[in-house]
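Novice: What follows is each chain in one-letter form.
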Amino acid sequence: MSELDYVGKSVLRKDGPDKVTGRALYTVDLHLPGTLVGRILRSPHPHARILNIDTSLAKRVNGVKAVITYQDTLGVKHGFVETPRYPADQDCLASDRVRFVGEEVAAVAAVDEYSAEEALNLIRVDYEPLPAVFDPLEAMHMDAPEIHPTHPKVPEHYRNIAGKTESEWGDIASGFSQSDYVVENRYESHLRTHGYLEPQATVASFEPEGKLNVWTSSQGPFLKRAKLAKTLGLPQSAVRIQKAYVGGAFGGKIDLFAHEYCAALLSMKSGRPVKIIASRPEIFASYRHGQPLLVEVKTGVKKDGTLVAQQYRIINNCGAYRGSGVVVIFLSWGFAMLPYRIPNLRYDGYAVYTNNPIRAPQRGHGAPQIRFAVESQLDAIAEEMGIDPIEIRLRNARQSGEELPNGDNVHNCGLSDSIREAAKHTDFIRKYGKARKKAGPAERYRKGIGIGVSSYFGGSLIYPNSSSVVVKMNDDGTATILTGAMDIGQGAETILCQIVAEEIKMPVEEIQVIAADTETTPVDIGSWISGNAYVSGNAAREAGAAVRRKLLAIASEVMEANIDDLVLEDKTAYVIGSPDVRMSYAELVAASIRTHRGDPIIGDGHWRTMRDTPTHPSLATTKGRWSENYAFDAQVAEVEVDTETGVVRLIRAVTAHDCGFPINPLLVEGQIDGQVSMALGHAFMEEVLMKEGRTLNPNWLEYHMPCIHNVAASEHIDVITESFEIDRPYRTKEVGEGYVSAILAAIANAIYDAAGVRLDSTPFTPEKILRALGKIT
Amino acid sequence: MRLPRFELKRPGSLDEAAELLREYGGTATLAAGGTDLFPRMKYRLSSPDVVVSLKRVSPAEPTTDSEGNLHIDALMKLADIVRSESVQRHAGLLVEAAHWVGSAQVRHMATLGGNLCLETRCPFFNQSHDYQFAEPCIKRGGDLCYFLPKGKKCWAICQADTAPALVCLEARVCVTDGRQERQQAVEDLFSGDPVRPIGLGATDLVKSIAIPPSSKIRGSAFMKFCPRGGLEFAVVNMAVLLDMHEDLETCARARIVVGAIAASPVRAKKAEDLLSGEKLSEARIAEAAEVTRDEIAPTPRLGYSRSYLRKCIETLCRDGLQRARQRIGRDADAFRS
Amino acid sequence: MKILIELSINGDSYELAIEPQVSLAECLRDHLGLTGTKEACGTGECGSCTVLADGKPILSCLTLAADCQDMEITTIEGLASQNVLNPIQEEFLAHGAVQCGFCTPGMVLSTSALLEETSNPTDDQITKALEGNLCRCTGYNKIVAAVHAAADRMSRGSVEDSDK
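Chains as they are written, first to last, in this note's numbering: chain L, 1 to 777; chain D, 778 to 1114; chain V, 1115 to 1278.
Hints listed in this document are in silico derivations from the structure and should not be mistaken for laboratory results.
Any given hint might turn out to be false.
Said to hold, decoys possible - SDA-like mimics (lysine to any residue), calculated; alpha carbons at most 20 Å apart, straight line:
1. L/K230 <-> L/N62
2. V/K1116 <-> L/N62
3. L/K424 <-> L/I651
4. L/K768 <-> D/R1078
5. L/K230 <-> L/N213
6. V/K1116 <-> D/T1076
7. L/K768 <-> D/L1079
8. L/K691 <-> D/R782
9. L/K775 <-> D/P825
10. L/K775 <-> D/E1064
11. V/K1116 <-> D/E784
12. L/K775 <-> D/E964
13. D/K927 <-> L/N396
14. D/K930 <-> D/E947
15. L/K302 <-> L/I172
16. L/K302 <-> L/N213
17. L/K768 <-> D/R782
18. D/K1047 <-> D/P913
19. L/K9 <-> L/L568
20. L/K298 <-> L/D760
21. L/K298 <-> L/N396
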């Protein structure tokens, strides 16, 4: 096997020059002639009946070209999840009820912002306010206001249950009775948001012949197309979604949003292109955020720290519609059971409707909340048992080849190595416990160290389930990749290029990418569920390999050599031993066209994870395969606590991880740094503050996303368990969202190590720290 | 988000600006740096018919008068104040405060006068009210308060960073209405009313700020507590100043001004008295910090209880006094960037 | 009522009729097609819209276009000359300081203003200069590294790649 020339290298990103020069066009930058400005009217009430909507005055405003309400829609509902058990529950525009502040009620398109604003102000909506509920535990009471009926398959006497996930193996009762030590804790997490820089934006242009052209800031065009077509009553082939650069997403731009639907429908009504850009206050106050989970976990262990039984009860405050609320309670089960062996487990997760905005995945999608809970408790257990945090984790860590209770296999698993490497690199054992033992009460600044462990899946089955890639050779010997993948900043296009480059041995610079256009590029799974590098990557590898085989075949004919004796190198072919006599790819393409009835050399490749598994796992029962790729990591945090202000600084973050084969180490590092930063925000400062369904900090001044003052020294150690071989499938596992979790837990554990206080809720604010230290009352 | 429509006036002088304010009555608004006004206008908290932009009026360089007062043009940008040798020499405390305002971009736009006259802020007020908190609160001309619904009082706070520093320095403002000028203490500029925090008439403009000469043996410090350490308004800010006797140990005069906790910067007078005339020891400083904590009643806010804010004030005060003490005699050099 | 204004942007003069409330960001993006200047919040909290006014970084979302008539405005489009990237742009790429790219134009311009004033900035100076530019992707580590590398190159006045 020849050496790797293009993968495993820190190739500079393909889109870099566009981005540093300002040439990169994002959806917000697009302008079609005659474009109208669209704006959305939102509900001021968290819960109300709509008695009447009068748009007559709005329609009369000069410059207004279209006004839409529910009456103009087909009444087709949509949702993040659309399955027989969990059918779509969101109207495109509110019909007879609004269920959260900011719910979309009407939309206008006008020649400029001012006419649109005036029209919005003139739409009269008569509401009858209804009692609302915002806290999930209150919403579960049988006397709480009913937002939606409890799911018919949930037998418990609770109100407002959007869905439930339950899972069990072993015998939980006997597990606890066999345990030497049993402890039960409750952890709370808070509301955070994605904070993508580019606002949500859509440009829609409907051609009278029936074609709808859409540019939208998203994580993948194919899911958007399916949902737009369905809700608008158009055939999928009539909806074309094209690429624009995407200015960040982090889970917040996946399924259908009202502004996308409204831009499309307004364009259909007005016959002109319509552009809607969500304002930052709208995004903060009424778009989808992450999911605050309440995690109750009861754990039984042996004296030596071996986990025997674990019982979970998860309550998700899932907002006014199902959103991804029923996904996160499934995933939380997965993130709970992945890193450690748990012989007896019982899991109950509830998604509870409340009169809050809808929830979406946010990088990690439940993992940070779960790992914070589990890893905090595990440290407390270790202390109780007199074991150090490293030992207890190594004792329970999953090993290569282990089968998970759902039938998945972890394959190569670098978890134990990650734990050991992280501990060694940070001198963990020597440092741990020092601060608590040494520091007197007079010591103002206290340092501490903590560890957390996590695991994340790479790719599962969710529409559109698979990725295809086409690679075509051009006459000049360069290649063009057609992929539906959407580069949201993670570098999708760059790594697909590297993979193809490796297969056909051609510099990355000579490969062009046509991406994310539902009309011209093949289907792609999308840049979520962490499947891009693996699913789309293997599709690209297969497409590249097909081209490689054709290049070799034609070279073999022309050069009169056995295929096995041919070498491809730097877009030339030669016979082993005679590197001086080469045929360029341009010559091979010409030869192919000349001698093979015009065959220009095109290869296609397709990939689907778990190809023998018919469908995704059951969100309700966890039965069925989930993924075939699991990445593992151990992260160590070193913090300094100011016991006078309660401010905690993350002074060092070490990530030891098994992400499979790193296609592009520089991009991997970027993912790690970015996730450590996001976890830092999660830990210390970011919180969407709400009062009765209304957002108090709908801006970056008060929603404290880390700025450059808050850089954490981020280091990483690669534990590489997979290899890349040309023409062979490989596991890249996952690097895009698995590393926001263990570090959060590590920070919590490091705070305990530093100051002796264990916080059971995020964020770890100065107020909570001082309260726990008894410095304020 | 777009600004509402308005008529723009770009006068070439302050006097001209004052005449425009007089001509348009209450329907005109002054825009200096725009970093505070324009976000409020984008949120439709303010929709003046006429905006009188001061961008064409060039600020004068700082000058020192015969009595040693440093006069700083109110239109001087905060970034220029940070860079100014003479302000540095004369009023390091102001430089340090200016350095803490907003971000580099904000400091290149915002003016000293604008920051001093910053509108009071409240999370329920400083946002768009298209569909959130739509019913006007007291500060928006209504009669309810979202923050403390039972009260009939506005709780907006002054978060200007330069304000406590200028109060601490006993600065005076020169106010003009285009026809007459008058001087008043910066401390008296603040009305204490969160709804109309700055006690100036509709046609008044702050022309310049005068800072009295610094004592030779001075130490000062500006402290700001905010979650990110930059880019945002203070949870608590504080200016402390120590003028010392020749022995370098006895405090001749202390000033402690706490900001971001009420509609105006608040002086901790009891703590000041505790320090003045006394030898500065660790214990004395700690005591002054405790007294400051006890004499100031901070307005609680999102994520920060009154109890936390009090503790924060104590810590900031102690740290600030210690820092000021370390800087005694080399105050002017302390903030060089 | 529209007013007639004259702007000088990246060395080019423009005369245009706009409404007076039009911000510089809107003017650049909507009227002149210079969409390299981004707008992520519109209220001065993120720095995406940073441009240079007489070399100083300002927020174009909070500046009236009509107030920019007596100054030279530099946008991201004005930084590279003749398709040759300047050292800041190159080092941002080389260090992986660019991910989604939406903050990049503002970040690069803030860096440019910093290096114009301070040829060899400390970490603290970089922090103060870039504190107004939010980035959600990178955690800033690689941005700081890129700024140092660009400073090194520019202060040496050399174009060879220093650390590769």
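Novice: Now, for every hint given, state plainly whether the structure supports it.
Specialist: We went through each hint and held it up to the structure:
1. L/K230 <-> L/N62: Cα-Cα ~33 Å, so violated.
2. V/K1116 <-> L/N62: holds, 18 Å
3. L/K424 <-> L/I651: holds, 18 Å
4. L/K768 <-> D/R1078: holds, 15 Å
5. L/K230 <-> L/N213: holds, 15 Å
6. V/K1116 <-> D/T1076: At roughly 45 Å apart (the allowed maximum being 20 Å), D/T1076 and V/K1116 break the hint.
7. L/K768 <-> D/L1079: holds, 13 Å
8. L/K691 <-> D/R782: Cα-Cα ~32 Å, so violated.
9. L/K775 <-> D/P825: violated, 47 Å
10. L/K775 <-> D/E1064: holds, 17 Å
11. V/K1116 <-> D/E784: Measuring from Cα to Cα gives roughly 10 Å; hence the hint holds.
12. L/K775 <-> D/E964: violated, 33 Å
13. D/K927 <-> L/N396: violated, 54 Å
14. D/K930 <-> D/E947: violated, 29 Å
15. L/K302 <-> L/I172: holds, 14 Å
16. L/K302 <-> L/N213: violated, 61 Å
17. L/K768 <-> D/R782: violated, 45 Å
18. D/K1047 <-> D/P913: Given pair D/K1047, D/P913 is violated - Cα atoms ~38 Å apart, limit 20 Å.
19. L/K9 <-> L/L568: At roughly 19 Å apart (the allowed maximum being 20 Å), L/L568 and L/K9 satisfy the hint.
20. L/K298 <-> L/D760: holds, 14 Å
21. L/K298 <-> L/N396: Distance ~16 Å between L/K298 and L/N396 Cα, so the pair holds.
Checked against the numbered hints given earlier, this structure breaks hints 1, 6, 8, 9, 12, 13, 14, 16, 17 and 18; the rest are met.
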